[in-house]
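Protein chains: 2
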Amino acid sequence: MTASGGDGTDRSVDPRVVRTHNDVLRAALQVLIDEGWESVTRPRVARVAGYSKTTVYAHWPTRASLIVDAFTRLAEVPHHTPTGDLRTDLIKEMITLRSTMVEHRLDRALAVLVDHTASVPELVGVRDKLVADGERIVRKLLEPVLRGAELEAATLMLCGAVLHAALMHGQPPGDDVIESIVDLTLGRLGREQPAAP
Amino acid sequence: MTASGGDGTDRSVDPRVVRTHNDVLRAALQVLIDEGWESVTRPRVARVAGYSKTTVYAHWPTRASLIVDAFTRLAEVPHHTPTGDLRTDLIKEMITLRSTMVEHRLDRALAVLVDHTASVPELVGVRDKLVADGERIVRKLLEPVLRGAELEAATLMLCGAVLHAALMHGQPPGDDVIESIVDLTLGRLGREQPAAP
Numbered sequence: 001m002t003a004s005g006g007d008g009t010d011r012s013v014d015p016r017v018v019r020t021h022n023d024v025l026r027a028a029l030q031v032l033i034d035e036g037w038e039s040v041t042r043p044r045v046a047r048v049a050g051y052s053k054t055t056v057y058a059h060w061p062t063r064a065s066l067i068v069d070a071f072t073r074l075a076e077v078p079h080h081t082p083t084g085d086l087r088t089d090l091i092k093e094m095i096t097l098r099s100t101m102v103e104h105r106l107d108r109a110l111a112v113l114v115d116h117t118a119s120v121p122e123l124v125g126v127r128d129k130l131v132a133d134g135e136r137i138v139r140k141l142l143e144p145v146l147r148g149a150e151l152e153a154a155t156l157m158l159c160g161a162v163l164h165a166a167l168m169h170g171q172p173p174g175d176d177v178i179e180s181i182v183d184l185t186l187g188r189l190g191r192e193q194p195a196a197p
Numbered sequence: 001m002t003a004s005g006g007d008g009t010d011r012s013v014d015p016r017v018v019r020t021h022n023d024v025l026r027a028a029l030q031v032l033i034d035e036g037w038e039s040v041t042r043p044r045v046a047r048v049a050g051y052s053k054t055t056v057y058a059h060w061p062t063r064a065s066l067i068v069d070a071f072t073r074l075a076e077v078p079h080h081t082p083t084g085d086l087r088t089d090l091i092k093e094m095i096t097l098r099s100t101m102v103e104h105r106l107d108r109a110l111a112v113l114v115d116h117t118a119s120v121p122e123l124v125g126v127r128d129k130l131v132a133d134g135e136r137i138v139r140k141l142l143e144p145v146l147r148g149a150e151l152e153a154a155t156l157m158l159c160g161a162v163l164h165a166a167l168m169h170g171q172p173p174g175d176d177v178i179e180s181i182v183d184l185t186l187g188r189l190g191r192e193q194p195a196a197p
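Each protein sequence line maps, in turn, to chains Z and L. For the first sequence, this note's numbering gives the first residue as 1, with consecutive numbering after it. For the second sequence, this note's numbering gives the first residue as 1, with consecutive numbering after it.
These are calculated hints, taken from the structure and not from any lab test. One or more of the hints may lead you astray.
Said to hold, decoys possible - With the Cβ distance kept under 10 Å, some of the chain Z side facing chain L (calculated, not the full set): (1) Val31; (2) Tyr57; (3) Pro61; (4) Asp69; (5) Val77; (6) Leu110; (7) Ala165; (8) His169; (9) Gly170; (10) Ser180; (11) Val182.
Every residue gets a Cβ at the ideal spot worked out from N, C-alpha and C, and that includes glycine.
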């Protein structure tokens, strides 16, 4: 864990500043997920976090800077640690991604993010960072076996399937569907099929 | 083309009513895509459509009813007409879906929709209808060759890949990536691989 803020400032000099920073950003994400974009104002976030408005205004000079920092925190999503078996690792990474959608309400945060990227240009960089981090393990796992358009296609299919189910179907895919997604993606690589039940 | 409104009312009795209905809903979608959710109010849409506020209020008793009808229009997206060759048909349907994202700004409308489904319960049914229509041809093409979890997985992967690229990468996939998406999905079905370049 690093004590640097999302803006690159070294806050390790004062642990109270680090704690304030973390508390406020956690509250900002909570307000964003529970109440939506319009509610993420500095006074509202200060109240939810239990800090004074003055403190929040001192750390974040604009509403946009607070929102950008809150989304940047989202990029620290958990990942599965690869074990070496490609099929198992992809399935476990998809399940970890699904858990983040459900438990951390990543689906809700992404919905708010993609809606407002059109009107808040600062969010483009945040979205790109979040996507790069979200896809990182999938790409790393696939790089030894796929390349070029196929690598891009497989990454979009794996990550997109979970995103599409969560955002557009309103529920993430079940275990059997995740296994099928990975097996269809790996099908051409000549891997053994799992035994029929 | 039918003269029935999205709410099931038969408006065939008066073509002027049909025209007003169409003009206003087209304007509502335009405002939604260009200016975002907050701007879709009946006075703003009336001004953009060139009708009086009174006319718009008479057709849509609430702001939500206007928004729901506007999204419902989106479900009439164009589709590729299947020719019988599975690989070609899937690629053409994916390209049609991509064109709709780009030219009709379906990506932008979907971003607004998924963001507000959490707070406007009436939008859940609209989203479900839109998704069912969007996936209809893909499912129909895949049904003869896949079933159960595999059919669900392949549908999520194909539609999700285009959605993920458009919403999260900020640009839809290129032709080569779309071909790879379809080839990876069909790989296990023992189809011939395209010749190497």
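Q.
Using the nearest Cβ pair, does Leu110/Z come within less than 10 Å of chain L?
A. 8 Å, holds
(Q) Under 10 Å is the threshold here; is the Cβ of Val182/Z close enough to any Cβ of chain L for the hint to stand? (A) With Cβ-Cβ at 9 Å, under 10 Å, it holds.
Q: For the hint on Gly170/Z, just tell me whether its beta-carbon gets within less than 10 Å of chain L.
A: 7 Å, holds
(Q) Hint validation: Ala165/Z versus chain L, beta carbon distance must be below 10 Å. Holds or violated? (A) With a closest approach of 5 Å, the Ala165/Z hint holds.
Q. Quick one, is the Val31/Z hint okay against chain L at 10 Å, beta carbons?
A. The hint is violated - Val31/Z has no Cβ within 10 Å of chain L, the shortest such distance being about 13 Å.
Q: May I ask you to test the interface hint for His169/Z with respect to chain L, counting a Cβ-Cβ separation under 10 Å as satisfied?
A: This interface hint holds because 6 Å falls under the 10 Å limit.
(Q) Can you verify the interface hint for Val77/Z: is its Cβ closer than 10 Å to any Cβ in chain L? (A) Violated, because the Cβ-Cβ distance from Val77/Z to chain L comes to roughly 14 Å (cut-off 10 Å).
(Q) Let's test the interface hint: is any C-beta of chain L closer than 10 Å to that of Ser180/Z? (A) 4 Å, holds
Q: Verify the interface restraint on Asp69/Z: the C-beta must sit less than 10 Å from at least one C-beta of chain L.
A: Result: violated, 20 Å to nearest chain L Cβ.
Q: Hold the hint about Tyr57/Z up to the distance rule: shortest CB distance to chain L must be less than 10 Å.
A: 24 Å, violated
Q) Hey, does the Pro61/Z contact hint survive, CB to chain L under 10 Å? A) 24 Å, violated
Checked against the numbered hints above, the structure violates hints 1, 2, 3, 4 and 5; every other hint is satisfied.
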